[in-house]
Amino acid sequence: MNHTSDEHEWFRRSRRGDPAFADFYHWVDGDPGEPPNDWESFFGGSAWSYDDEREAWYLHLFDERQPDLNWRNPTVREEIHEMMNWWLEKGIDGFRMDVIDLLSKPDGYPDSDPEADGIVRGADRFVSGPRIHDYLSEMYERTLADRDVMTVGEMVDLPVEEADRYVGSDGLGMSMAFNFDHMRLDMEGSRWNHIEWSVRDLKRVISRWQTELDGWPPLYMNNHDEPRMVSRFGDDGRYRRQSATLLATLLYTLRGTPFCYQGEELGMTNYPFESLDEVVDVDTKKNVGELLDRGRFEDHEEVMELVRRRSRDNARTPMQWDDSPNAGFTTGEPWLPVNPDYAEVNAAADADPDSVLNYYRRLIALRHDHDVLVYGDYELLTPDHERLWAYERTLGDERVLVALNFGDEPAAFVSPGDDGERLIANYDDPPDPAGGTLRPWEAVVYRS
Numbered sequence: 504m505n506h507t508s509d510e511h512e513w514f515r516r517s518r519r520g521d522p523a524f525a526d527f528y529h530w531v532d533g534d535p536g537e538p539p540n541d542w543e544s545f546f547g548g549s550a551w552s553y554d555d556e557r558e559a560w561y562l563h564l565f566d567e568r569q570p571d572l573n574w575r576n577p578t579v580r581e582e583i584h585e586m587m588n589w590w591l592e593k594g595i596d597g598f599r600m601d602v603i604d605l606l607s608k609p610d611g612y613p614d615s616d617p618e619a620d621g622i623v624r625g626a627d628r629f630v631s632g633p634r635i636h637d638y639l640s641e642m643y644e645r646t647l648a649d650r651d652v653m654t655v656g657e658m659v660d661l662p663v664e665e666a667d668r669y670v671g672s673d674g675l676g677m678s679m680a681f682n683f684d685h686m687r688l689d690m691e692g693s694r695w696n697h698i699e700w701s702v703r704d705l706k707r708v709i710s711r712w713q714t715e716l717d718g719w720p721p722l723y724m725n726n727h728d729e730p731r732m733v734s735r736f737g738d739d740g741r742y743r744r745q746s747a748t749l750l751a752t753l754l755y756t757l758r759g760t761p762f763c764y765q766g767e768e769l770g771m772t773n774y775p776f777e778s779l780d781e782v783v784d785v786d787t788k789k790n791v792g793e794l795l796d797r798g799r800f801e802d803h804e805e806v807m808e809l810v811r812r813r814s815r816d817n818a819r820t821p822m823q824w825d826d827s828p829n830a831g832f833t834t835g836e837p838w839l840p841v842n843p844d845y846a847e848v849n850a851a852a853d854a855d856p857d858s859v860l861n862y863y864r865r866l867i868a869l870r871h872d873h874d875v876l877v878y879g880d881y882e883l884l885t886p887d888h889e890r891l892w893a894y895e896r897t898l899g900d901e902r903v904l905v906a907l908n909f910g911d912e913p914a915a916f917v918s919p920g921d922d923g924e925r926l927i928a929n930y931d932d933p934p935d936p937a938g939g940t941l942r943p944w945e946a947v948v949y950r951s
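Residues 504 to 951 (our numbering) make up the sequence shown, in order.
Mixed in with the good hints there might be a few duds.
What the hints assert, rightly or not - Restraint ranges, calculated between C-beta atoms of paired labels, are given here:
| id | residue 1 | residue 2 | range |
| --- | --- | --- | --- |
| 1 | E801 | D526 | 46 to 52 Å |
| 2 | D857 | E801 | 22 to 28 Å |
| 3 | P535 | D601 | 27 to 33 Å |
| 4 | D526 | P856 | 46 to 52 Å |
| 5 | E847 | P633 | 51 to 57 Å |
| 6 | M586 | G548 | 26 to 32 Å |
| 7 | R645 | G548 | 31 to 37 Å |
| 8 | P886 | E537 | 47 to 53 Å |
| 9 | P913 | D857 | 32 to 38 Å |
| 10 | N588 | P886 | 42 to 48 Å |
| 11 | E801 | D717 | 26 to 32 Å |
| 12 | E889 | G548 | 38 to 44 Å |
| 13 | E901 | D825 | 48 to 54 Å |
Said to hold, decoys possible - Taking lysine to aspartate or glutamate pairs in the DMTMM-like style, the calculated list, with each CA pair at most 20 Å apart, reads:
| id | residue 1 | residue 2 |
| --- | --- | --- |
| 14 | K789 | D728 |
| 15 | K789 | E729 |
| 16 | K593 | D610 |
If you are wondering where the hints come from, they were derived from the structure by calculation, not from laboratory data. C-beta atoms are modelled at their ideal positions from N, C-alpha and C, and glycine is treated no differently.
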């Protein structure tokens, strides 16, 4: 809803100056050598490109081939509403709405505030812009108000304090809002400035969204724009299975709706890129290219380490179905290389009862059987521990204890003992029932 392709009929007619579409996008006249303002694209460089055909600048907060729609134009809004209703009348169950809080741009396109500390320059002007709530309220009334459907908005730079304006009981009709607080713990300012994350910070951020949000949270650690969670928050080497199932245990025992991204349920890992020639993602190419021009890296390996850690292509390599050529994905040439671990990590391995996939199945069944895991209150028990994340879920008289050891070292843990029923665990044999330690990347859920 925020942008289209530059090959879309609307944009082709708009760049030609067709009166019916002239104002469908953000066009600004001016010197071809001077962008209208200092706003940056999320993919690096200016958020403006000069179009020789129209002889004007157009706005693109992402790639230059993704021009932003002008929501100030009521005809644009009507077209979007008509499109949504067309799909809803087909019987779909809802929408995932891309960067939905970027729709409203301010009049006059002012420069960014020099004091603002945004994710990109200009974000203080266009994230949750001046008319965003008017636009979403209108959209809700015109499309969603009388329908039982689910909507989840991707919300750029959304703090928990603002989230209830979108999804709370007095919100704007959104069922859920994807936030990025936990996904930015390993970056500083930009996704291309890597820093180390800590389990304490991860607990703090997710616990805030569990306890301070009136609305309903989505639960995720993977998507098409993020590296694989087992490589990012777990251990994709010796403890790949254990850490993949631990992270799954976290996502499926929190309050909210878990979102499972393709391959996550297999424990798929980041791709071991050796050359930028293997990369397709425009975000990676553009930003890493700029860093290379600035002399950021000492050698090729430092470049590729960052690419392997951050590139969106990690999430876009072909789905690994079996151990046949190209992981059974295609008999042709895939657009990205297949991860070399496909012989071991693939869907056909579900014949193994201890596979990551079978653990996901057991978790989902467990969640269906225990309302406390869906609707129960959340209480963090170990806020300051470096590795152990223990929390309780309570609903009426039912109480569940979840204990997760994030790390390769054992963690001291006091279990419920004989009073606790072990509901699920990612090790076959339980920890010492009288108390003891959790093993590396061990996850266990008790009901007492």
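For N588 and P886, compare the CB-CB distance with the range 42 to 48 Å and indicate the outcome.
For P886 against N588, whose Cβ atoms are near 46 Å apart, the range 42 to 48 Å holds.
Given the hint of 46 to 52 Å, check if E801 and D526 actually sit that far apart at their C-beta atoms. holds (48 Å)
- Query: In this structure, is the beta-carbon distance linking R645 and G548 contained in 31 to 37 Å?
  - Reply: holds (36 Å)
*27 to 33 Å as the expected CB spacing between D601 and P535, which holds or is violated*: holds (30 Å)
Given the hinted pair K789 and D728, is their Cα-Cα distance within 20 Å?
Distance of about 15 Å is within 20 Å: holds.
Hinted pair, alpha-carbon criterion (20 Å max): K593, D610. Please report holds or violated. Violated, at about 36 Å.
Within 22 to 28 Å: is that where the Cβ-Cβ distance between D857 and E801 falls? Violated - the Cβ-Cβ distance for D857 and E801, about 42 Å, lies outside 22 to 28 Å.
message = Taking the Cβ atom of P886 and the Cβ atom of E537, is their distance within the range 47 to 53 Å?
response = With a Cβ separation near 51 Å, P886 and E537 satisfy 47 to 53 Å, so the hint holds.
With 26 to 32 Å as the target window, see if E801 and D717 comply at their CB atoms. The hint (26 to 32 Å, Cβ to Cβ) is violated, given that E801 and D717 are roughly 48 Å apart.
If I claimed the Cβ atoms of E847 and P633 lie 51 to 57 Å apart, would that claim hold in this structure?
Given about 52 Å between the Cβ atoms, the range holds.
Checklist entry - Between P913 and D857, is the Cβ distance one that fits in 32 to 38 Å? => result violated (21 Å)
Review point. Taking only the CA atoms, is the gap from K789 to E729 under or equal to 20 Å?
Key: holds (17 Å)
Checked against the numbered hints given earlier, this structure breaks hints 2, 4, 9, 11, 13 and 16; the rest are met.
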